[in-house]
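Trainee: Produce the complete structure using the sequences and hints provided.
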Amino acid sequence: MYNIPEAYSNSTLVSSEDFWEYKIGCLLTDAELSMATNRMPDTLEAYTITLVLNGDLTLTNNNKQFTLHPNDIYFYLPGYSVKINQVSPDYSGICLIIDLKQALDTPASKYMVQTAFFPMLEMGVPKASLQPKDAERLKSIMLLIHSTIHSDSIYKGRILKMLYSVMILDLMNLHQLHQSGKPLSEQARQLYFNFVRLLPDNFKEHHDIRFYADQLHVTPTYLSHVVKQVTSHTVLDFINQMLMLEASWMLIETKMSIGEIADALHFSDQASFSKFFTRLQGINPKSYRKKA
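If you count by numbering that gives the first Met the number 0, then the sequence shown holds residues 0 to 291, one letter each, in order.
Bear in mind the hints are in silico, worked out from the structure with no lab data behind them.
Careful: at least some of the hints might be erroneous.
Dumping the calculated DSS-like pairs for lysine-lysine here, alpha-carbon to alpha-carbon at most 25 Å [as the list claims (entries may be wrong)]:
1) Lys254 with Lys203
2) Lys160 with Lys138
3) Lys100 with Lys203
4) Lys82 with Lys227
5) Lys63 with Lys274
6) Lys126 with Lys100
7) Lys203 with Lys227
8) Lys289 with Lys274
9) Lys160 with Lys132
10) Lys289 with Lys82
11) Lys100 with Lys160
12) Lys290 with Lys254
13) Lys126 with Lys289
14) Lys63 with Lys160
15) Lys289 with Lys203
16) Lys82 with Lys203
17) Lys138 with Lys126
18) Lys290 with Lys63
19) Lys63 with Lys82
20) Lys290 with Lys274
Mentor: So, in structure tokens, the structure goes:
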């Protein structure tokens, strides 16, 4: 995965002035900038939130195609592959980009991971449609973030973190107004977020629940219970999703053999990798590569 500087520092359409220390960025997007996403050869090590202001945009996210319309918000999760299929000439939007570590280290944004990002894992398309008044409020916050990034304030970092937290809390409120659920203890929330932090650096080598449980000093049964309680998905769902996304990217974007990919992802052999990939994607690795 690319971090933010690697992804955007050489872009002719995006300026470093659109970012604060490459931790938080806010881009005013149009059709040309949106299509430029397709030139990125790897996935992004960041969360993004895009609000559509005008026009329509059709994209494929994790092999699922959908169309965004005005007042829709789209959530991008680190490591997911995205292809922009079509953009209307009059398209415009606002895209907030948050470095992976920054997103998880901001107190309020920890809850965002639970309420807006990871619950969407394998649960359909990662988008939501807002009421016009809610979209307008979100737009005003995002524009304030954009103007702050471009300001000369000596408190820029603090202001941006506060504005980001306000936006996250606003989105949490919108989400929770439309769902009900059992309140979670702070201990359960913290364990879940610590598990999320471990995943990106370890999923290739460690496919078993026990590794993560040992690192977090809990039993595999307890970790499984908490992750299931928070997200309705299992620990293995998360590990398998990360492995599948990485494998899909490697099959499309690299010239590595299927056996080499199996080794890189620490499968016991090519046959076990092929069986795993076919079970999750519904197609074997060789056919997937040809189709892509």
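Trainee: State for each hint whether it applies.
Mentor: Here is how each hint holds up against the structure:
{"no.": "1", "hint": "Lys254 with Lys203", "result": "holds, 19 Å"}
{"no.": "2", "hint": "Lys160 with Lys138", "result": "holds, 17 Å"}
{"no.": "3", "hint": "Lys100 with Lys203", "result": "holds, 19 Å"}
{"no.": "4", "hint": "Lys82 with Lys227", "result": "violated, 30 Å"}
{"no.": "5", "hint": "Lys63 with Lys274", "result": "holds, 22 Å"}
{"no.": "6", "hint": "Lys126 with Lys100", "result": "holds, 22 Å"}
{"no.": "7", "hint": "Lys203 with Lys227", "result": "holds, 22 Å"}
{"no.": "8", "hint": "Lys289 with Lys274", "result": "holds, 17 Å"}
{"no.": "9", "hint": "Lys160 with Lys132", "result": "holds, 24 Å"}
{"no.": "10", "hint": "Lys289 with Lys82", "result": "holds, 17 Å"}
{"no.": "11", "hint": "Lys100 with Lys160", "result": "holds, 13 Å"}
{"no.": "12", "hint": "Lys290 with Lys254", "result": "holds, 15 Å"}
{"no.": "13", "hint": "Lys126 with Lys289", "result": "violated, 29 Å"}
{"no.": "14", "hint": "Lys63 with Lys160", "result": "violated, 32 Å"}
{"no.": "15", "hint": "Lys289 with Lys203", "result": "holds, 24 Å"}
{"no.": "16", "hint": "Lys82 with Lys203", "result": "holds, 24 Å"}
{"no.": "17", "hint": "Lys138 with Lys126", "result": "holds, 16 Å"}
{"no.": "18", "hint": "Lys290 with Lys63", "result": "holds, 15 Å"}
{"no.": "19", "hint": "Lys63 with Lys82", "result": "holds, 10 Å"}
{"no.": "20", "hint": "Lys290 with Lys274", "result": "holds, 18 Å"}
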